[in-house]
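S.K.: Heads up: the sequence lines are chains A and B, in that order. Quick note on the numbering used here: the first sequence kicks off at 1 and runs consecutively. Quick note on the numbering used here: the second sequence kicks off at 436 and runs consecutively.
Take every hint as true, because none was put in to throw you off.
Covered stretches of chain A, going by a simulated chain B footprint (3 or more residues, C-beta under 8 angstroms):
#1 386-396
#2 404-418
A short list of chain A residues far from chain B (calculated; beta carbon distances all over 12 angstroms):
#3 A107
#4 G178
#5 G237
Calculated directly from the structure, the hints in this document are not laboratory data. Every residue, glycine too, gets a C-beta built ideally from N, C-alpha and C.
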Amino acid sequence: MSLESAVLKKLGQGAPEWLCRRREHAWNVYKNTPLPTTQSEEWRYTDLSQIVDLESLKFLLPGDVDLNGSLPEILEGVLNENRTASGSSFLVDGLTTNIDSEASLSAQGVIFTSLRSAVEDYSDLLEEHLAVEALPPEKGKFEALNAAFWTDGVLLYVPRGVNIKLPFRTVNYLSHAGSAVCTRTLIIAEAGSQVSYVEEIISEDFDEITLASSSLEVIAKEGAQVQFVSIQQSGHGVFCQSAQRTLAHRDSILNTLNVGLGGSVSRVDLNSQLLGSGAKSDMLGIYFGDQNQCFDHNTSQDHVASNSGSDLLYKGALDGSSRAAFRGIIRVHPGAQGTDAYQTNRNLLLSDNARADSLPNLEIEADDVKCSHGATIGQLDKEALFYLLSRGLSRQQAERLVVLGFLGDVMSRLPLGDVVDEVTQAIEQKLLTHA
Amino acid sequence: MSSTPILKIDGLYAKVVDQDISILKGLDLELQQGEIHAIMGPNGSGKSTLAKVLAGHPGYEATAGEVIYRGEPILEMDPEERACAGVFLAFQYPVEIPGVSIANFLRTALQARLEGDDEVDLFDFQDELIERMKLLDMDPSFAERPINDGFSGGEKKRNEILQMAVLRPSLALMDETDSGLDIDALKIVANGVNKLREEDPEMTVLLITHYQRILNYINPDKVHVMVDGKIVQSGGPEVALELEDQGYSDWKEI
Chain A
1 MSLESAVLKK LGQGAPEWLC RRREHAWNVY KNTPLPTTQS EEWRYTDLSQ IVDLESLKFL
61 LPGDVDLNGS LPEILEGVLN ENRTASGSSF LVDGLTTNID SEASLSAQGV IFTSLRSAVE
121 DYSDLLEEHL AVEALPPEKG KFEALNAAFW TDGVLLYVPR GVNIKLPFRT VNYLSHAGSA
181 VCTRTLIIAE AGSQVSYVEE IISEDFDEIT LASSSLEVIA KEGAQVQFVS IQQSGHGVFC
241 QSAQRTLAHR DSILNTLNVG LGGSVSRVDL NSQLLGSGAK SDMLGIYFGD QNQCFDHNTS
301 QDHVASNSGS DLLYKGALDG SSRAAFRGII RVHPGAQGTD AYQTNRNLLL SDNARADSLP
361 NLEIEADDVK CSHGATIGQL DKEALFYLLS RGLSRQQAER LVVLGFLGDV MSRLPLGDVV
421 DEVTQAIEQK LLTHA
Chain B
436 MSSTPILKID GLYAKVVDQD ISILKGLDLE LQQGEIHAIM GPNGSGKSTL AKVLAGHPGY
496 EATAGEVIYR GEPILEMDPE ERACAGVFLA FQYPVEIPGV SIANFLRTAL QARLEGDDEV
556 DLFDFQDELI ERMKLLDMDP SFAERPINDG FSGGEKKRNE ILQMAVLRPS LALMDETDSG
616 LDIDALKIVA NGVNKLREED PEMTVLLITH YQRILNYINP DKVHVMVDGK IVQSGGPEVA
676 LELEDQGYSD WKEI
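With the hints as constraints, model all of the structure from the sequences given.
M.R.: Pasting the structure below:
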């Protein structure tokens, strides 16, 4: 089924009225929002008209997906890794196939469930927060698309004061070439709670462009601590579009890490809102492109309340004829005195055909603030390479080590050891193809 | 002098790539296995260029002459081939490589020395690393730090000695390892070199320095004076002491 209101009808079957209205509204916003062009500053480096024709994609619906009971090899691999987690879920083409979590957690009131079943079981909670508080459809074309056509996703709710050590994990797997899959994640951490959540996107390689649209909404209440990690390792042909908005209330810590390794085109829009005094947000990013891959990051740090802090570090390595664009802005709103905000983007070009563009920006409307931003685009340091060669490393080993160090450095601030190891391995795996 | 020298430099001319002026101008030098030689000379005499040319730095080019290491000409060899053949350069300015731990780096360097599918055993390597650090009185946590990242001058030089201890070269080229060190750091570094030499008396050392003071702690078999790209005087340790008294001024007119 392609993009039309009949899809909405099907998605609305048996759904509460508020949700049908919300989808309908998002669909109207979508129709009235033109596709962004490279004329707009925020889409200067990604020409959507060359990438995807949204009207021609096949929007998968419940019932369209049939795995005949057998899991694809790539997913079996992930399942067999036997990760330690507080809970895990698997989505195949936008629908949850498995989800479970520690029984002791639900006894404490923790909710980790598919968004589809949350519509039935936690309708009030969704009505209050879903696609209305953090990411309403008015945020943009894709935000509207996702709010209208999401098929499933994850709801993670952590009650007041509950501290969960191990992360929750989700794997999103795509199998249909030429399809569009819209999923959402909603994380609500009540006051004083602690939780971490790791999501991965994986897929086959596709001949036709395939859209993976995801929306992330995180709400950290007073003093809550939330870690969000996204690891994007989809296959060739995938356009990964991710809109993320995080709301950090008073004294909360809300950290994110976006790792981009796969896909043909990857676009991340991340907006971190520092809404309460003392709120802090570390925003980390790693991307590593080769062949014709494109990575486009558009970030913003909104300091609304006083004495809040944000620290962004995005690092990327680009091989082959891959491209990266980074556009980031720190906005210090009037009255947000005592803001500490930093923004750094570093790029390493590994080939003459690779390219990176970086546009850091500041918009400061308060006078007592500490802000800085910086961007670098450079090549492998020849002296560093000679240093390693002079110890006997081959050129290939030396380059891999420098790249791994350059990218891995970002994770020194991430407290999730297992995840750091996994990401490191994924980067190492990709580096094996670097000649 | 009977045996074949481990290193024989014959009429070596070298320059910076893309520039026309020679820095080394017909340099001759011979080191027998197990000897410690010191090359002293004023700034700009070409001492560091010699070290870099011997290690195969791509920014330098030998234009004439020959360098024979263990009977093989090495000027055409890549830096990594020379390293695997036992040549080690302790850098004057060790490079910072963020995000790569010393341990990971050294394991990769040892791996590079193995043939085919052989792999460095992780546990053997850990044991070896700890043992080498003990020998040099270093804290084991040092190896987990990223290479030279945020290190003090003394730490950087100790890191060079640690690498030398793990990689066990046949020929160690030490490029102004003493520069920028206070007397305590200098003693630590010199002690490290002496310990490695005690352990392996076959290790040959070419010590490049501007100052005599490191020779109070490391006893050279021979001392050479280098001026304007050539060796102008060679002798025993007494040469260094004469230089200490007279400085390099006598040589300036040459």
